[in-house]
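Our numbering numbers the first residue of the sequence shown as 481 and each following residue consecutively.
Some clues are possibly wrong.
Have a look at the derived ranges for each label pair, beta carbon to beta carbon [stated by the list, open to error]: (1) Ile777 - Ile875: 23 to 33 Å; (2) Arg690 - Met532: 20 to 30 Å; (3) Lys608 - Val781: 12 to 22 Å; (4) Leu621 - Thr850: 24 to 34 Å.
It is worth saying that the hints were derived from the structure and are not from the lab.
On a predicted model such as this, the values are computed, not experimentally measured, just so you know.
Using N, Cα and C, we set each Cβ at its ideal position, and we do this for glycine too.
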Amino acid sequence: MINIPFLRLVRVHALGAAGDAMITVALAGSLFFSIDPSAARLRVTLYLLLTMAPFAVVGPLIGPALDRFRGGRRPMILAINGGRAFFAFLMISNMDSLLLFPLAFAMLVLQKSYGVAKASMVPLILPKEEQFVGGNARLALVGSVCGFIGAGPALLANLLGGSSWTVGLAMVVYIFAALSCLSLPQGRIVPEPDGDGDEDESKLGGVGIRRAATATGTLRGIVGFTTFLAAFALRGGADDVNLSGVGKAFGAGIRHALQGDVASDASPAWKLGLVAAAMVSGFLIGSLLAPQLRDRIREEVIIAAALVALFVVGVVAAWGGGYGSTLLLALGVGITASAGKLSFDSIVQRDAEGANHGRAFAVFETRFQTFWVLGALIPVVIPMPARAGFILIAIAAAAAAVFFWLRPTLGGPSTQADRFGPATNQGHQPQQA
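Sequences and hints are given; from them, build the entire structure.
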């Protein structure tokens with residue numbers, strides 16, 4: 481049976497993803513969306529900290545606003561897409577002015593806000609909790625494909641008329657996305673959020689959600705770590721960090737013990753491109769694999785299996801070393817991080833109170849971005865051989881797997897629901913249009 485409300489959400493998501501890709505093409509040379517791996521480590525650090533800025537708005541403001549909005553989820557998604565179109569319109573005439581930066585920041589805030597609103601909408605339109613992982617995966621795949629498709633006309637517009645034409649094209653796409661929101665179900669939540677907007681995690685879910693968040697955050701941190709570990713390992717060239725004295729001797733000793741690195745001097749740019757492609761391919765494979773796994777095992781088991789699998793891949797990569805191991809690790813990180821994140825979203829949609837879905841996703845997305853930045857900062861601040869990084873990834877995955885499995889026991893008496901989540905969600909009913 482075809483779920484018409486979900487297909488309507490897919491349509492809105494497809495248009496939004498295409499518009500985001502067009503904005504990315506238009507701003508490809510700006511500080512918000514590009515970073516040169518050969519840049520000084522201080523500049524890269526500042527860039528990473530800048531990526532946290534939108535979540536300072538989304539976490540404390542957008543999530544609670546989404547839950548408290550009496551009109552339901554549909555008006556919020558409509559307003560977000562309308563806001564994207566409005567700011568894209570303002571960007572058309574300001575691509576070469578300083579106003580570009582606050583406008584681009586506003587677009588980032590709306591992009592993150594849409595992700596929260598979309599995730600909060602899914603449990604209202606899918607009839608069974610078993611469908612949450614599959615629904616999240618379909619949205620992720622559609623977003624990836626439509627983002628790729630949207631980049632094509634954006635590049636053409638950029639060649640013909642410059643970045644202003646590209647932003648104008650994105651504005652039109654966002655307008656269609658906003659109009660498509662009118663066909664979404666209302667998405668109204670009857671219970672009111674508790675309290676005055678306090679983000680106490682006890683209101684956002686039980687111990688199962690919190691431990692799943694820690695495990696998923698670890699996977700997200702490993703994504704950031706792997707990205708910049710590979711970037712600095714493959715870039716070659718001089719470094720701006722002073723490694724004289726004890727630090728240099730210590731680093732040289734580690735490098736000798738680990739038998740070198742994945743590259744010497746500068747590596748061709750295509751090598752880093754292949755690593756990025758391997759990770760993106762892993763994300764797509766994870767999106768395809770997660771629903772198949774959910775048909776057989778619960779979301780919590782998928783997350784645990786992802787951590788164990790990443791530990792194994794990390795050990796294999798550390799044992800082999802070299803560029804091939806880097807590709808293998810990037811692929812494994814992409815698969816496990818994607819499957820883990822889709823499973824976590826399903827856990828929140830299943831177990832968190834509907835009135836707190838917006839706040840929950842905003843709080844946890846902020847935390848995941850923090851994990852990503854902290855993971856990325858490690859190879860930026862501490863130069864290390866790639867093989868040492870592979871070992872750290874294996875250790876982190878193993879520790880997270882043990883913590884994820886044992887936390888209910890360490891925290892006190894555990895129940896079957898604590899460890900594996902509730903067996904059913906009989907009270908869940910989809911929102912009708």
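Hint-by-hint comparison with the structure:
Checked against the hint of 23 to 33 Å, the C-beta distance between Ile777 and Ile875 comes to roughly 25 Å, which is consistent with it. Between Arg690 and Met532 the CB atoms are about 21 Å apart, so this pair conforms to the stated range of 20 to 30 Å. At about 18 Å, the beta-carbon gap between Lys608 and Val781 stays in the expected band of 12 to 22 Å. Checked against the hint of 24 to 34 Å, the pair Leu621 and Thr850 passes, with Cβ atoms roughly 26 Å apart.
Of the numbered hints listed earlier, not one is contradicted by the structure.
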